[in-house]
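Colleague: Now for the letters of each chain:
Protein chains: 2
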Amino acid sequence: MTAPSQHDSLADPPADSPAVRPSFDVDRARRETPGTREVTHLNNAGAALAPAVVLETMVGHLQLEAQVGGYEAAAAVGAASEAVYGSVAQLIGAAPHEIALAESATRAWDMAFYAFGLGPDDVVVTGESEYSSNVLAFLHRARRTGATVRLVPNDQAGQIDVAALERTLDELGTRAALVSLTHVPTSNGLVSPAAAVGEVTRRAGVPFLLDACQSVGQLAVDVTTIGCDLLSATGRKYLRAPRGTGFLYVSDRIRDRLDPPFIDLHAAEWVAEDRYTLRDDARRFESWEAGVAARLGLGAAVDYALGWGMDAIEARVGALAARLREQLATVPGVVVRDTGEHRCGIVTFDVAGRDADDVVAQLRRARVNTSVARAASARLDLGRRGVGDVVRASVHYYNTDAELDLLISLLSDLVAGRAG
Amino acid sequence: MTAPSQHDSLADPPADSPAVRPSFDVDRARRETPGTREVTHLNNAGAALAPAVVLETMVGHLQLEAQVGGYEAAAAVGAASEAVYGSVAQLIGAAPHEIALAESATRAWDMAFYAFGLGPDDVVVTGESEYSSNVLAFLHRARRTGATVRLVPNDQAGQIDVAALERTLDELGTRAALVSLTHVPTSNGLVSPAAAVGEVTRRAGVPFLLDACQSVGQLAVDVTTIGCDLLSATGRKYLRAPRGTGFLYVSDRIRDRLDPPFIDLHAAEWVAEDRYTLRDDARRFESWEAGVAARLGLGAAVDYALGWGMDAIEARVGALAARLREQLATVPGVVVRDTGEHRCGIVTFDVAGRDADDVVAQLRRARVNTSVARAASARLDLGRRGVGDVVRASVHYYNTDAELDLLISLLSDLVAGRAG
Numbered sequence: 135m136t137a138p139s140q141h142d143s144l145a146d147p148p149a150d151s152p153a154v155r156p157s158f159d160v161d162r163a164r165r166e167t168p169g170t171r172e173v174t175h176l177n178n179a180g181a182a183l184a185p186a187v188v189l190e191t192m193v194g195h196l197q198l199e200a201q202v203g204g205y206e207a208a209a210a211v212g213a214a215s216e217a218v219y220g221s222v223a224q225l226i227g228a229a230p231h232e233i234a235l236a237e238s239a240t241r242a243w244d245m246a247f248y249a250f251g252l253g254p255d256d257v258v259v260t261g262e263s264e265y266s267s268n269v270l271a272f273l274h275r276a277r278r279t280g281a282t283v284r285l286v287p288n289d290q291a292g293q294i295d296v297a298a299l300e301r302t303l304d305e306l307g308t309r310a311a312l313v314s315l316t317h318v319p320t321s322n323g324l325v326s327p328a329a330a331v332g333e334v335t336r337r338a339g340v341p342f343l344l345d346a347c348q349s350v351g352q353l354a355v356d357v358t359t360i361g362c363d364l365l366s367a368t369g370r371k372y373l374r375a376p377r378g379t380g381f382l383y384v385s386d387r388i389r390d391r392l393d394p395p396f397i398d399l400h401a402a403e404w405v406a407e408d409r410y411t412l413r414d415d416a417r418r419f420e421s422w423e424a425g426v427a428a429r430l431g432l433g434a435a436v437d438y439a440l441g442w443g444m445d446a447i448e449a450r451v452g453a454l455a456a457r458l459r460e461q462l463a464t465v466p467g468v469v470v471r472d473t474g475e476h477r478c479g480i481v482t483f484d485v486a487g488r489d490a491d492d493v494v495a496q497l498r499r500a501r502v503n504t505s506v507a508r509a510a511s512a513r514l515d516l517g518r519r520g521v522g523d524v525v526r527a528s529v530h531y532y533n534t535d536a537e538l539d540l541l542i543s544l545l546s547d548l549v550a551g552r553a554g
Numbered sequence: 135m136t137a138p139s140q141h142d143s144l145a146d147p148p149a150d151s152p153a154v155r156p157s158f159d160v161d162r163a164r165r166e167t168p169g170t171r172e173v174t175h176l177n178n179a180g181a182a183l184a185p186a187v188v189l190e191t192m193v194g195h196l197q198l199e200a201q202v203g204g205y206e207a208a209a210a211v212g213a214a215s216e217a218v219y220g221s222v223a224q225l226i227g228a229a230p231h232e233i234a235l236a237e238s239a240t241r242a243w244d245m246a247f248y249a250f251g252l253g254p255d256d257v258v259v260t261g262e263s264e265y266s267s268n269v270l271a272f273l274h275r276a277r278r279t280g281a282t283v284r285l286v287p288n289d290q291a292g293q294i295d296v297a298a299l300e301r302t303l304d305e306l307g308t309r310a311a312l313v314s315l316t317h318v319p320t321s322n323g324l325v326s327p328a329a330a331v332g333e334v335t336r337r338a339g340v341p342f343l344l345d346a347c348q349s350v351g352q353l354a355v356d357v358t359t360i361g362c363d364l365l366s367a368t369g370r371k372y373l374r375a376p377r378g379t380g381f382l383y384v385s386d387r388i389r390d391r392l393d394p395p396f397i398d399l400h401a402a403e404w405v406a407e408d409r410y411t412l413r414d415d416a417r418r419f420e421s422w423e424a425g426v427a428a429r430l431g432l433g434a435a436v437d438y439a440l441g442w443g444m445d446a447i448e449a450r451v452g453a454l455a456a457r458l459r460e461q462l463a464t465v466p467g468v469v470v471r472d473t474g475e476h477r478c479g480i481v482t483f484d485v486a487g488r489d490a491d492d493v494v495a496q497l498r499r500a501r502v503n504t505s506v507a508r509a510a511s512a513r514l515d516l517g518r519r520g521v522g523d524v525v526r527a528s529v530h531y532y533n534t535d536a537e538l539d540l541l542i543s544l545l546s547d548l549v550a551g552r553a554g
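Taken in sequence, the protein lines are chains Z and C.
In terms of our numbering, the first sequence opens at residue 135 and continues consecutively.
In terms of our numbering, the second sequence opens at residue 135 and continues consecutively.
Next up, chain Z with everything else stripped away, as it sits in the complex (with noise of 0.2 Å):
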């Protein structure tokens, strides 16, 4: 996939060295964005900043709500409210009945989650770059049915251990129920082996849910390629998109296999006083009542990231966040702590002598948004590695090597005590 022409026009001088990505065109990106004129952003696996046309299909669809009411402004845009589906659809590899759409990532992860049907004899298995919150939800889960949950070892590498994985799902057999990665984790900026696990899972015949909410976005995400059968993500991260969005990604092998959480009037038909049927298609998934606007922006940024290319932002924001590690190891005292073989645009690292908070805040101030990713909600990673909390710097396609040189002068002020 590459880039459409329109975005590979070079006319004006870049914003961005060369030698980073010379055909990706960084002064558009940050003509459209116009948070890139108020700060440094540097926290995009928090919450990007969204391109003008998002805000725009928002604010739009607002204002259509309040002047026309909102179930009339619903009809008014039902074209473009089904196009969403192809658009995500489109973005991850996927058919459009295939989507279901979702207040959040939890909300769409849950969704699947909760939808197997657990007993005592069951296994969850897992690996240590697990997402917190899911793995709180297996303890729930756990608790309520009598289930278990496996952990995986990583490798030397600092991601999961495909081959103990596979000794694992030999040994469980029947036993596992369910196969739950995070393809990025919120602490580190390593990419988990999808595609290895997909391949594992697929031959042992093990359901594999894949929560994306980090990776849709920077990486080019395709469920065939990574072989997962459910994939959950969201809006407001690496896509650009509003807050209060997320998807879900069902495949037509398993939905019939899986008990909706929750169903109401739009997922079931109500066929009889006391009967209902589940409509067959991944929707079965959703509530009837949703945020127009907030989908319709959601669209925009699938469309808006489709039309630069995810390879291209993957390739782009893959380099610059390879420049900013390598930049952070020439500054004392600060220690890059991602793992894994596989990196992308999140950086994590840590200031010798300074908490996180301290460091983030200090940033701050200078309008350089970056975050803290806390041990205390990384217990697999951060906890087993004995990382305490760490700051994060995560890099999106309109980010500038002159952003970063100013991260790293910051943090040089720091260390040396001529700031904060």
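No wet-lab data here; the hints were simulated from the structure.
Be a bit skeptical, because a hint or two may be false.
[Stated by the list, open to error] FRET-style restraints, in silico, Cβ to Cβ:
| id | chain 1 | residue 1 | chain 2 | residue 2 | range |
| --- | --- | --- | --- | --- | --- |
| 1 | Z | ALA210 | C | ALA186 | 14 to 22 Å |
| 2 | C | GLU407 | Z | ARG337 | 27 to 35 Å |
| 3 | C | SER543 | Z | PRO168 | 44 to 52 Å |
| 4 | Z | ASP255 | C | ASP408 | 15 to 23 Å |
Glycine included, every Cβ here is placed at the ideal spot set by N, Cα and C.
Could you slot chain C onto chain Z? The hints should help.
Modeller: Structure of chain C alone, referenced to chain Z:
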């Protein structure tokens, strides 16, 4: 409760006949509601027109997010976000820590209902006005757990027979797991006798879940007066808040007896690798991620409603609806279908020889917004009464006598064959 003095000013001549509501400043309400200049909005039970302050609040926050980042914007409005809980609590007479915010009334209700640990001996008790999605959830849960559903019949007035409910609870004893009641149905102008039901459930010691989706915002709803343990509501309907908002009231006395259907890092604290503790307020029924702009819009809408005063709103809405029912009764071929002793702003009717869809479409051409309540989605209400699809005209305090006259005039023309 009375409207604050600034709302009582009648310096401008009222747009409305003084007979209906002399003290309600309808002109001001309409000035502050841009949509009243565009449409005759009688679809307030679908989604009401937002006041300008709600639109401005949402748009303002979305712009801030695009400028400084989603998390950074959230941090900047932390106090305002927190205040939403206080506003909602004040609206329904609860304490702020008894409020959970949600993405919709459906999801708020789901988080409450699915939190009951049902077994084969348990009985869910409900009435014939119960919202269809709730009934689907009962059937869904019954299929999974073996629990059964008991339907309490209506009385002569067409509302839940409270004496029959009492007998049912006596008979069931500890098998009665909960009573679920829809306060105002979507397909009928009746107001269920919620406080009488609350008296019975309290006496029987059975948990009482009230679906107040259609009542909050048009009626003065107080959880203590009603005596419910749980109450769910939406923002988009009579509260005039954004789509994609809702809330759940969880009384202190029931919170620890329920197990939230989903948990995440916001609902629970991860205290050790294999252990979590639920937070000690109603927010254990929330998820961490939320559309902050929509939540702030909800808060603005609640504050706006409180500014008018819920008693004043209830009186005006009720008076307008009563006037409309009287007028409808004078149109040949039009039959009002509302039941119950106490009625609200929802007015349902059918027109002899005309499909409800056709009537609504004709009215829409004159920029009059109404909607269809479908018999297939109201099997226990319209279905059991032998009524087909009905037209629903739902009034709000910003509607005027002139708008009702327009509706009557259009319907008269329709009946006389002068349109369509």
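Colleague: Would you mind marking each hint as holding or not holding in the structure?
Modeller: Structure-based check of all given hints:
| no. | hint | verdict |
| --- | --- | --- |
| 1 | Z/ALA210 <-> C/ALA186: 14 to 22 Å | holds, 21 Å |
| 2 | C/GLU407 <-> Z/ARG337: 27 to 35 Å | holds, 29 Å |
| 3 | C/SER543 <-> Z/PRO168: 44 to 52 Å | holds, 48 Å |
| 4 | Z/ASP255 <-> C/ASP408: 15 to 23 Å | holds, 19 Å |
Figure legend: structure checked against the earlier numbered hints; every hint is met.
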